[in-house]
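**Q** Okay, here's what each chain looks like letter by letter:
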Amino acid sequence: MSDTSVLSPVAKTGTVANEDQIIDWLRQYIGDVLALPEDEIDIDASFQQLGLDSSAAVGMTGDLADWLGRDIDAAAAYDHPTIRGLAKALVS
Amino acid sequence: MQDAETLTPAEALRAPGIETPASAPPAEAERPKMKRTVENRQLKRIQHIHTVVMTVAGLGGLISAICLHFLVQPVSAAALGIFGLFFFSVGMGLTIGYHRHFTHRSYKAPTALRVLLGILGSMAGQGPIVFWTALHRMHHEMADKPGDPHSPNLHGEGLVNKVRGIWHAYIGWTVQHEVPNANFYSRDLLADAPIMWVNKRYYLWIALGLALPALLGLALTGTAYGALEGLLWGGLIRMFALHNVIWWITSFAHVFGSRDYQSRDLSTNNFWLALPTLGESWHNNHHAFPRAAILSLHWWQIDISGGVVAILEKLGIVSEVCRVSAEDKQKRQANPSRH
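Residue numbers (UniProt numbering), protein chains in the order written: chain C, 1 to 92; chain Y, 1 to 339.
No lab work stands behind these hints, which were simulated from the structure alone. It is possible that some hints are incorrect.
As the list claims (entries may be wrong) - Computed, partial: chain C to chain Y, Cβ under 7 angstroms:
| no. | residue |
| --- | --- |
| 1 | 25 |
| 2 | 29 |
| 3 | 33 |
| 4 | 34 |
| 5 | 35 |
| 6 | 51 |
| 7 | 52 |
| 8 | 53 |
| 9 | 55 |
| 10 | 56 |
| 11 | 58 |
| 12 | 63 |
| 13 | 74 |
To be verified - With a Cα cut of at most 27 angstroms, we get these calculated DSS-like pairs of lysine-lysine:
| no. | chain 1 | residue 1 | chain 2 | residue 2 |
| --- | --- | --- | --- | --- |
| 14 | Y | 145 | Y | 33 |
| 15 | Y | 145 | Y | 331 |
| 16 | Y | 35 | C | 88 |
| 17 | Y | 162 | Y | 35 |
| 18 | Y | 329 | Y | 33 |
| 19 | Y | 33 | C | 88 |
Glycine is no exception: its CB is placed at the ideal position from the N, C-alpha and C atoms.
Go ahead and model the full structure; you've got the sequences and the hints to work with.
**A** What follows is the structure, given as structure tokens:
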């Protein structure tokens, strides 16, 4: 479906993004949604605390899965509700 | 400014009706991409089950009340009064809260009123604020085209298909629709702390919307039976009634009635629904001028919700109320010969 050439070069299908790259992506994404500078986004705060409701967190996980070019478990954002936690879980 | 050709597909598709923050940084190649809908079967199922539970509970309340009316004792005036009070209050939460303020930002209101409207709207059991606004913005963006969560006009020609379309737009859609991505459609609300406080407590507000009419029934009659009647009429039946009111709009107001103004869709105006829909049935006016807080464009077009906004404005409580100018009205007048 999605043309991987429009995705970020660091995460073409088959290229595994590392934890820091996923953290950066999540910060950018949430910063974009909430109109906040990325450095104001605490990577240890829960998605709820940051301002996403649960459906928004699931929507974000779906967009992250598209970027990474792989499936992410639907419950990932519930099980690992912080930027750091989710990124860690996805590379382990 | 950036060239349309350099846009990625996701950016090029970005909702025209939804404002992206003016401060959005110039496209870095690596800006995270967003889809319009969330492809997550589990989330979709939860939302569809939610609708079924709310609908069945409402219908169950109605059937119970009818049985009590015939088998125990006729419905009391207190119960009907409680119904009216909660129909109006929760209805305002939907029309001037969820719809005109949260979805379309058609006027500015102080935080206390916004929170109150958010709580009242939540009591309707039609989903939390973020979900409802995201879905409704998606409806406006795609109205009567593929991707519209509830269009009656996508089922083909002929009477049978028309009826199928109306059925879909009335109730079928509630268990079929795609789940909108709130990050795409409702980012302004996700960044709105007091509203997210309300959003998070959605089920509490539903419970409150059932408890308050029951308590009022108890207070008015001093009997447990009065409390039960309050619960049924001010809670469950009111919920069922408002669900149906919304469904009249999603279905009938894109099929029957007149198209007085040019809009990108098949929305219609219906005088006969104006009172029970609290003014929302001026739906063609609404689609032609989505940011208008007052949908009445002629003196005879009764819009109770718009009237409430006008009163709140007179009292100095709300401000920056969007109105349709005479010039815009003139410009978008549909050609009468097209009817």
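**Q** Look at each hint and say if it fits the structure.
**A** Hints, one by one, checked against the model:
About 6 angstroms separates the beta-carbon of residue 25 of chain C from the nearest beta-carbon of chain Y, less than 7 angstroms, and the hint is met. For residue 29 of chain C, the suggested interface contact is upheld, since its CB lies about 4 angstroms from the closest CB of chain Y, less than 7 angstroms. Proximity of residue 33 of chain C to chain Y holds as hinted, the smallest CB-CB distance being about 5 angstroms (cut-off 7 angstroms). Interface restraint check for residue 34 of chain C: the shortest CB-CB distance to chain Y comes to about 4 angstroms, inside 7 angstroms, so the restraint holds.
The closest approach between the C-beta of residue 35 of chain C and any C-beta of chain Y is roughly 5 angstroms, which is under the 7 angstroms cut-off, so the hint is satisfied. Proximity of residue 51 of chain C to chain Y holds as hinted, the smallest CB-CB distance being about 5 angstroms (cut-off 7 angstroms). Of the supplied interface hints, the one on residue 52 of chain C holds, with its beta-carbon coming within about 6 angstroms of a beta-carbon of chain Y, less than 7 angstroms. Because the smallest distance between the Cβ of residue 53 of chain C and any Cβ of chain Y comes to about 5 angstroms, under 7 angstroms, the interface hint for this residue holds.
Annotation: interface hint on residue 55 of chain C holds; nearest CB of chain Y at approximately 5 angstroms, less than 7 angstroms. Look at residue 56 of chain C: its Cβ gets to within about 4 angstroms of chain Y, closer than 7 angstroms, so that hint holds up. Of the supplied interface hints, the one on residue 58 of chain C holds, with its beta-carbon coming within about 5 angstroms of a beta-carbon of chain Y, less than 7 angstroms. The criterion of a C-beta within 7 angstroms of any C-beta in chain Y is met by residue 63 of chain C, whose closest approach is roughly 5 angstroms, and the hint holds.
With a least beta-carbon distance of about 5 angstroms to chain Y, the hint placing residue 74 of chain C at the interface is held under the 7 angstroms criterion. For the suggested pair residue 145 of chain Y and residue 33 of chain Y, the alpha carbons sit about 23 angstroms apart, so the restraint of at most 27 angstroms is met. Annotation: proposed proximity of residue 145 of chain Y to residue 331 of chain Y holds, straight-line Cα distance about 24 angstroms (limit 27 angstroms). Between residue 35 of chain Y and residue 88 of chain C the CA atoms are separated by roughly 24 angstroms; this keeps the pair inside 27 angstroms, and the hint holds.
Proposed proximity of residue 162 of chain Y and residue 35 of chain Y is contradicted: the alpha carbons are some 31 angstroms apart, above 27 angstroms. The suggested pairing of residue 329 of chain Y with residue 33 of chain Y is violated, with an alpha-carbon distance near 37 angstroms, which exceeds 27 angstroms. Note on residue 33 of chain Y and residue 88 of chain C: the hinted pairing holds, with a Cα-Cα distance of about 21 angstroms set against a maximum of 27 angstroms.
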